[in-house]
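Q: Protein chains in written order, with the working numbering: chain A, 1 to 190; chain B, 1 to 179.
Because the hints were derived from the structure by calculation, they are not lab data. Owing to the predicted nature of the structure, the values given are computational and were not obtained by experimental measurement. We put the CB at the ideal spot given by N, CA and C, even for glycine. Take the hints with a grain of salt, since some may be wrong.
Which stretches of chain B does chain A cover? Using the computed rule of at least three CB atoms under 8 angstroms from a CB of chain A, they are [what the hints assert, rightly or not]:
(1) 12-20
(2) 33-39
(3) 84-95
Computed spacing ranges between beta-carbons, pair by pair [stated by the list, open to error]:
(4) B:SER159 to A:PRO51: 43 to 51 angstroms
(5) A:ARG44 to B:GLU47: 33 to 41 angstroms
(6) B:SER7 to A:GLY41: 54 to 62 angstroms
(7) A:GLU28 to B:PRO6: 14 to 22 angstroms
(8) B:TRP70 to A:LEU167: 15 to 23 angstroms
(9) B:ILE16 to A:ALA123: 16 to 24 angstroms
(10) A:LEU167 to B:THR76: 55 to 63 angstroms
Spelled out, the chains give:
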Amino acid sequence: MNGNDHDRHDVDELTAREQEAFAALPRERVPPAELEERVVGTLRREGLLSPGLPRPRVAPGIRGWLVAAAAACLALFASGVATGQWMAARSTAEVVSAVMDGDALSRALQVQQAGSEYVRALARLGDLADELGTEDLAPGREAAQAALHAAALEIGRLAPDDQTIQLVLAVLEERRGPADGGADRTTVWY
Amino acid sequence: MAVHEPSDRTLAGAVIGRGDEPSFRALYRRHTPSLYPFVLRVMGGSEADAEDIIQDTWVRAVRGLPRFRWESSFRTWLLGIGLNRAREVLRRRTRRRQDAELPDVGTDPPPLADRMDLERAIACLPEGYRTVLVLHDVEGFTHPEISDRLDIAVGTSRSQLHHARRALRTMLDPAEETV
Numbered sequence: 001m002n003g004n005d006h007d008r009h010d011v012d013e014l015t016a017r018e019q020e021a022f023a024a025l026p027r028e029r030v031p032p033a034e035l036e037e038r039v040v041g042t043l044r045r046e047g048l049l050s051p052g053l054p055r056p057r058v059a060p061g062i063r064g065w066l067v068a069a070a071a072a073c074l075a076l077f078a079s080g081v082a083t084g085q086w087m088a089a090r091s092t093a094e095v096v097s098a099v100m101d102g103d104a105l106s107r108a109l110q111v112q113q114a115g116s117e118y119v120r121a122l123a124r125l126g127d128l129a130d131e132l133g134t135e136d137l138a139p140g141r142e143a144a145q146a147a148l149h150a151a152a153l154e155i156g157r158l159a160p161d162d163q164t165i166q167l168v169l170a171v172l173e174e175r176r177g178p179a180d181g182g183a184d185r186t187t188v189w190y
Numbered sequence: 001m002a003v004h005e006p007s008d009r010t011l012a013g014a015v016i017g018r019g020d021e022p023s024f025r026a027l028y029r030r031h032t033p034s035l036y037p038f039v040l041r042v043m044g045g046s047e048a049d050a051e052d053i054i055q056d057t058w059v060r061a062v063r064g065l066p067r068f069r070w071e072s073s074f075r076t077w078l079l080g081i082g083l084n085r086a087r088e089v090l091r092r093r094t095r096r097r098q099d100a101e102l103p104d105v106g107t108d109p110p111p112l113a114d115r116m117d118l119e120r121a122i123a124c125l126p127e128g129y130r131t132v133l134v135l136h137d138v139e140g141f142t143h144p145e146i147s148d149r150l151d152i153a154v155g156t157s158r159s160q161l162h163h164a165r166r167a168l169r170t171m172l173d174p175a176e177e178t179v
């Protein structure tokens, strides 16, 4: 679309007046507002668009332990990296020996897989935050927090000098006050 | 386009990647105001037809975005999709008209005594003439580009434009046969 520069030999050139008339035609026109909603609606139904905003709101009470969960996930990730670095720093013989001894590699893999599944489950729970009330979410929250605490304790046992995990544990212990104690728990553990 | 506004490509990337609705709306609002009058003219001024075609155009565009190689501007690409969709609708109508043995003419022109405005005169042109005239004289496409887009010979494009202009002149000023 480069103008009509190489069409100058048209038999019937436009007169100056005609060119002005064409140039004066509006090139833009705002369509009816409802058309945009129609188009967006069709694209949504076809699965080509998903409403990006507003994002699901998280209740203030849940936010605190989500932050703690995120911190614990980071700690889990960091300990995974540390394990990987330790493995990489050893000679093949030492690694084989370590794997043979404690099957450390496969157990690290299990931790990684379980951690990923834990985060996915939390995300699925978070998707319901807009539809369900705090009370409905309580069992899931309780289960997540208990798993988080148990995981943090285990990481603390693995790395007693790790300040990050000690910080996470301190936050979790603080949140496990009397109100959060065993009497009110609804989760059934298998 | 202001400097801080995301480019078409950035917005399109967000639509492809995560179906981002705000990015789509930004693209829609940027390009529909120029797509709408173009489709409206090709369709002879029917707003209902133009709106249906705009909707189909955007659905096809979003579906086709992952395959768009950005060798032309987004606007040109979108206009091409709109043009193809409009021609499909027009072709279907022509077939129906032929089946019903009705004459192939544009919208019924008003009495010649009334001096028409250019927009209405374009709407009254037969479909083939109208498409070439809109592409050439309104949108600024060259004959080779029109030939490529409409899959017709360059000579046919020139001939259609010649007839379209003659018909326009007759409608706009029957006495002088000029605009």
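Q: Work down the list of hints and note, for each, if the structure agrees.
A: Structure-based check of each hint:
1. 12-20: Held - the stretch 12-20 of chain B has 4 residues with a Cβ nearer than 8 angstroms to chain A, which meets the minimum of three.
2. 33-39: holds (count 4)
3. 84-95: violated (count 0)
4. B:SER159 to A:PRO51: 43 to 51 angstroms: 50 angstroms, holds
5. A:ARG44 to B:GLU47: 33 to 41 angstroms: This hint is violated: roughly 24 angstroms between Cβ atoms.
6. B:SER7 to A:GLY41: 54 to 62 angstroms: 26 angstroms, violated
7. A:GLU28 to B:PRO6: 14 to 22 angstroms: Given about 20 angstroms between the Cβ atoms, the range holds.
8. B:TRP70 to A:LEU167: 15 to 23 angstroms: 48 angstroms, violated
9. B:ILE16 to A:ALA123: 16 to 24 angstroms: Cβ of ILE16 (chain B) to Cβ of ALA123 (chain A): about 22 angstroms, so the range 16 to 24 angstroms holds.
10. A:LEU167 to B:THR76: 55 to 63 angstroms: With Cβ atoms ~57 angstroms apart, the hint holds.
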